[in-house]
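Here the protein sequences come in this chain order: A and B. Residues in the first sequence are numbered consecutively from 335, following our numbering. Residues in the second sequence are numbered consecutively from 608, following our numbering.
Think of the hints as simulated: they come from the structure by calculation, not from any bench. Since the structure is predicted, the reported quantities are computational estimates derived from the model, not experimental observations. One or more of the hints may lead you astray.
[Stated by the list, open to error] With a cut-off of at most 25 Å between alpha-carbon atoms, the simulated DMTMM-like pairs for lysine to aspartate or glutamate come out as follows:
{"#": "1", "chain 1": "B", "residue 1": "Lys970", "chain 2": "A", "residue 2": "Asp789"}
{"#": "2", "chain 1": "B", "residue 1": "Lys805", "chain 2": "A", "residue 2": "Glu632"}
{"#": "3", "chain 1": "B", "residue 1": "Lys1002", "chain 2": "A", "residue 2": "Glu742"}
{"#": "4", "chain 1": "A", "residue 1": "Lys826", "chain 2": "B", "residue 2": "Asp695"}
{"#": "5", "chain 1": "A", "residue 1": "Lys750", "chain 2": "B", "residue 2": "Asp696"}
{"#": "6", "chain 1": "A", "residue 1": "Lys826", "chain 2": "B", "residue 2": "Glu852"}
{"#": "7", "chain 1": "A", "residue 1": "Lys974", "chain 2": "B", "residue 2": "Glu980"}
{"#": "8", "chain 1": "A", "residue 1": "Lys790", "chain 2": "B", "residue 2": "Asp981"}
{"#": "9", "chain 1": "A", "residue 1": "Lys1012", "chain 2": "B", "residue 2": "Glu852"}
{"#": "10", "chain 1": "A", "residue 1": "Lys750", "chain 2": "B", "residue 2": "Asp919"}
{"#": "11", "chain 1": "A", "residue 1": "Lys750", "chain 2": "B", "residue 2": "Glu665"}
{"#": "12", "chain 1": "A", "residue 1": "Lys750", "chain 2": "B", "residue 2": "Glu864"}
{"#": "13", "chain 1": "A", "residue 1": "Lys1012", "chain 2": "B", "residue 2": "Glu980"}
{"#": "14", "chain 1": "A", "residue 1": "Lys750", "chain 2": "B", "residue 2": "Glu678"}
{"#": "15", "chain 1": "A", "residue 1": "Lys607", "chain 2": "A", "residue 2": "Asp577"}
{"#": "16", "chain 1": "A", "residue 1": "Lys846", "chain 2": "B", "residue 2": "Glu765"}
{"#": "17", "chain 1": "A", "residue 1": "Lys1012", "chain 2": "B", "residue 2": "Asp958"}
{"#": "18", "chain 1": "A", "residue 1": "Lys826", "chain 2": "B", "residue 2": "Asp981"}
{"#": "19", "chain 1": "A", "residue 1": "Lys750", "chain 2": "B", "residue 2": "Glu852"}
{"#": "20", "chain 1": "A", "residue 1": "Lys790", "chain 2": "B", "residue 2": "Glu980"}
[Unchecked claim] Computed footprint of chain B on chain A; a stretch qualifies when at least three of its residues, placed anywhere within it, have a C-beta under 8 Å from a C-beta of chain B:
{"#": "21", "stretch": "829 to 842"}
{"#": "22", "stretch": "949 to 960"}
Glycine residues also receive a C-beta, built at the ideal position from the N, C-alpha and C atoms.
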Amino acid sequence: MGRRSRGPPRRAQPFQGAESEEVTDSEEESVYSGLEESGSDSSEEEEEEEDEGSDGSSPPPTRTPRKSKTLEDESALEGNEALLAQNEYEEDSSDEEDIRNTVGNIPMEWYQDFPHIGYNLDGKKIYKPIRNKDELDMFLEKMENPDYWRTIQDKMTGADIKLTDEQVELVQRLQRGQFGDVHFNPYEPAVDFFTHEVMIHPVTNRPADKRSFIPSLIEKEKVSKLVHAIKMGWIKPRKPKDDTPTYYDLWAHEDPNSILGRHKMHVPAPKMKLPGHEESYNPPPEYLLSEEEKLAWEQQEPAERKLNFVPQQYRCLRAVPAYPRFIHERFERCLDLYLCPRQRKMRVNVDPEDLIPKLPKPRDLQPFPTTQALIYRGHTSLVRCLSISPTGQWLVSGSDDGTVRFWEVCTARCMKTLPVGGVVKSVAWNPNPTICLVAICVNQSVLLVNPCLGDKLLYGATDHLLESYEAPEEERIQPVQWVTANVEEHSKGIRLLIQHSKALKQVTWHGKGDYLASVVTDNSNMQVLIHQTSKRWSQNPFRKSKGLVQCVLFHPIRPYFFVATQRYVRVYNLLKQELTKKLMANCKWVSSMAIHPGGDNIICGSYDSKLAWFDLDLSTRPYQLLRHHKKALRSVAFHKHYPLFASGSDDGTVIVCHGMVYNDLLQNPLLVPVKVLKGHVQTLDLGVLDVIFHPTQPWVFSSGADGTVRLYT
Amino acid sequence: RFAVQDVPFSVPANAETTDLSHLINKLLAADNADHKYVEFDFLINGQFLRMPLVMHMETENISTEEVVEIEYVEKYMAPQPEECIFHDDWISSVQATEEWILTGCYDHTARIWSLEGKSIMTIAGHTEVVKDVAWMKQDSLSCLLLSASMDQTILLWEWNVEKNKVKALHCCRGHAGSVDSIAVDCTRTKFCSGSWDKMLKIWSAVPTDEEDEMEEAANRPRKKQKTEQLGLTRTPLATLSGHTEAVSSVLWSDAEEICSASWDHTIKLWDAETGDLKSTLTGNKVFNSISYSPLCRRLASGSTDRHIRLWDPRSKDGSLVLLSLTSHTGWVTSVKWSPTHEHQLISGSLDNIVKLWDTRSCKAPLYDLAAHEDKVLCVDWTEAGLLLSGGADNKLYCYRYPATASDVGA
């Protein structure tokens, strides 16, 4: 069958003299081309037939007969010699047509390039018959000549010979693998000369040799030599076979518990994506690509494509063709497996609950304010500031409506209203319980007001103390002016005015109640002033301005002074007159500050809704940064006795936190948010403006932009 | 009156008080032809029935298999509003007798009203808010009364009824803070006062012509003159100190015992004779008001949360709350036991509501008296059948309550 593949190139060769081969070749060629055609045709037809769903494919009926024909032809060629011999005898009878070639049994190709084909008995050249048949003639002949199939060409003479019936039968017999002679029987019964059965007579009558039954001397000699050698120990008995394997366990000595153990480093193969709807042979219509999508898909880089195939719809599963990308995909999968990152993901099995620090439940941290109890109504504009008397009986609030109101805490009764003629920025009740005095920031002056509430003896003594001031002989130059109130102001309760040059922002008392500090909206070094009430003497503690001062605070016990600028809180030692510490608030703009009654912890509220807790002994950075509020913090406050602190924010809520400071220096403060107190209505985007704790009870007051003060208990 | 035969009845489990009431009425009507319909309230083991029977029995863990004894009483009728007395300012305190009502007001005065709501007398003399008032002695001709004020004094007044004149007999000075509460003892010769300055002081209430010596600072002649106008200065007989915060309420539980409630979360019992502290009841909230009923010997306290708590002042283990009545939504500012009924008390709260309670029903009050438009600051009730409440809306409301019905068992 090797020749068949040679067929097509031969077709291109020009017509030449090698007829015999040419014939077979052309035969083969036609057969082959026919096969080819029918094959391709049939495959197409098959497809069509399948599409139509009609009856199954049937192989073209012409194929097998033709093939057998070529087989016949070939076998005919093989039997050429015999035919020629037969022809010799046949042609003996007719002597005129005896054109016997005398070249002998040589390859006839030698004469391929000659016009003759050999020589006859007379030594004359036998010329090749003139063959001018072209393909068409041959085809016509094939079609018309009924004996074409039994016509062969004589290689020696080049003449066409028509095979007789006997010859055809002979060829067919040979092809079937039978003997050529019809009468030859290949299966005649065979006669055995030697049988497998034991007969009574031996095949030979020769007696057995003597040496076959006497022991061999040579062998005896050899055995005795061996015995002697064994006795002498020259021959060792065979060693037992060493069955230790030639291979060994490479990882036998590996520590099975080590993390690097191979079995522990098993990296599972990356998982394949599971097929989706788009890979279905009949996907839902939304998975099919529209024309634009298809165009876009084609224009995309193959690596960028979301899908590496176009979803296609088939009528039925049978209509789905073979998957053309199968090999490609397998290859890519192999690449994936080969190149997958052999990195072990160290997943830590941690319960997320364990990561949350253990905080006590708010229930166990009672008491703290939980509900709104009283609303102090009366102000007509936002209430900016609050302060409470040291006994906890009176509350003072300053508002944008230009009044300061004094309230009875337990009934929300407004006891006094003091019009001050300006926005009240800050109020501070003197923390000394023996002095009844309130400092109020209005415009450019600090008013020292005796509210005449509470113990008569106390506020009488306070008045007496203020009146007992004697001016020093020489006038000292002061940054502010101390003015005694006139009669009308005196009747309202105002006792002294400290007139500054700029608008005031904040006022705060020292714990002893003699000194007070005021903050001016200014960016010079005159921002912070410290006043002494008993001597009516003011001083400016700072030579240089360190930024815009937001608020100031006295340390409750030690001579420290806290100044909060926008980002830092500076701690000054008032006795040594030096900067002790600078705390980084880690926030953009500090709004308020409060100090723990113990004096070692500070909280700072900031406009970027953070609350920073500083432990002064620990670090200059916040110990904790609490972000509970949604909006800017306006005010923070500590409770004097209970471990509570509160923050008020623009979002209208007050958040109360438990802030336990331990006496043990090693134990860090415990901060637990315990309650969100709501109640204030947001007005002008402002919520709670000030918060303050009751000095003795776990109650918190808040003042809001809605003009109310609320008490939560 | 309403006795029925003591025969067990089978009652549907989902019966409510109205159904049971109908049942009793039918039984009574069968016995007595001229029976009129009466509404009843029902008690099971001393608890008022306020929900369907089955639910009540579930919550009280009573088996439905047993025979349950249901007591019934005539339903306590709702108090009828009578008068609304207008004041000029907040009413801080009220005390009524059979004939007159005495109120303390935030406009620095105390006022006397008739029961019909007629203003009889306005007593001005204090320089600050009057925080508490009390009747001392009542005669047909003259009455003695007390007013305590934020100006740290208590004034003892004599009111001549016929002439309708009032005279300040004594000015009790000695407190260093607002005097928030006064209480007169049962012999009407002494009274006790509690103040913001954490002290309790016991004073003699007998009017005399002598002035007690007061070591006053010599440098305040002006103040002295002013007080001299208001009667003779009187100094306390005894001072009881022990509270660490303001005293909000005092009372005499009997002739020898003073009971005081304070902002330091305690109720203290004092021996009035010796001035010794007898026992302490500790709560966890600020006490606003206490009341003692000699009928049931219980203390009721109103504090700065929503609950009214009942205490047994004689219990040795101190801080045991017997019962808490919860229905208010704000601070309870004042409580008062009924003078005639051992189970009833009223309470006023910052949530503007006065509630009438029966201790046998601690989840819900008998009646809500929601007339006030602002905080209720004081409540009182008289034996004559009047409920009084005053508040921050400047109004004093009077209610007539029915006389106590007799209990009948079944």
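* To do: State the violated hints by number, sorted upward, taking the hints as numbered earlier in the document.
  => Structure breaks hints 1, 2, 6, 7, 8, 9, 10, 11, 12, 14, 15, 16, 18, 20, 21 and 22.
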